[in-house]
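One letter stands for each residue in the lines below.
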Amino acid sequence: SQQGEEDPQALSIQEGENATMNCSYKTSINNLQWYRQNSGRGLVHLILIRSNEREKHSGRLRVTLDTSKKSSSLLITASRAADTASYFCATDGNTGNQFYFGTGTSLTVIP
Amino acid sequence: DAGVTQSPTHLIKTRGQHVTLRCSPISGHKSVSWYQQVLGQGPQFIFQYYEKEERGRGNFPDRFSARQFPNYSSELNVNALLLGDSALYLCASSFLAAYGYTFGSGTRLTVV
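Chains as they are written, first to last, in this note's numbering: chain A, 26 to 136; chain B, 69 to 180.
The calculated DSBU-like cross-link candidates involving lysine-lysine, where the alpha carbons are at most 30 Å apart (straight line), are:
#1 B:K98 x A:K81
#2 B:K120 x B:K81
#3 B:K98 x B:K120
#4 A:K51 x B:K98
#5 A:K81 x A:K51
#6 A:K94 x A:K81
No lab work stands behind these hints: they were computed from the structure.
Start from the sequences, fold in the hints, and give me the full structure.
This is the structure in structure tokens:
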């Protein structure tokens, strides 16, 4: 399978703390993306990192990519209750026209 | 500017029936993809269309088919519905796949 695998499956933190979730994948990629999903609704695109990039920032989000280890991490700093959601990584498996999602990390931020 | 719109939002069908789900991409987006998300799982790729041509197909049976129209909207058809087809069906559009996708809110299909 070319799916990414997120770790941990579930994460519970206090508001204001940082949340880190990891993604591992199996094949070479052109890019990797992170998405957020609230309560089984549509996915929201958070950030895309290309295979030649090592780190990317967007607001309170920081994504790293290590292609030698086939892994990525998503850091959410100063978490808020509104960050409570499921987070998925998606890889393109070097095809560029289809994306493979993992099973996600369920994040709960306690006010 | 409207995002990706999907219809209907919810649908209940009986086993053996046929269903058609519809998707309108963001204006200017020529790439449309369909995903199935079973409860508790990540989305699974079904189809990708670009400029009305099928560019990718996931590991789904021939009961699943799709098409893209000249205005880039798309339909997903599922024949001979099974209980296991119950899921959230997500449509996503992109200007170019490498730039990331914008997802619609999905169609919740329940097969009874």
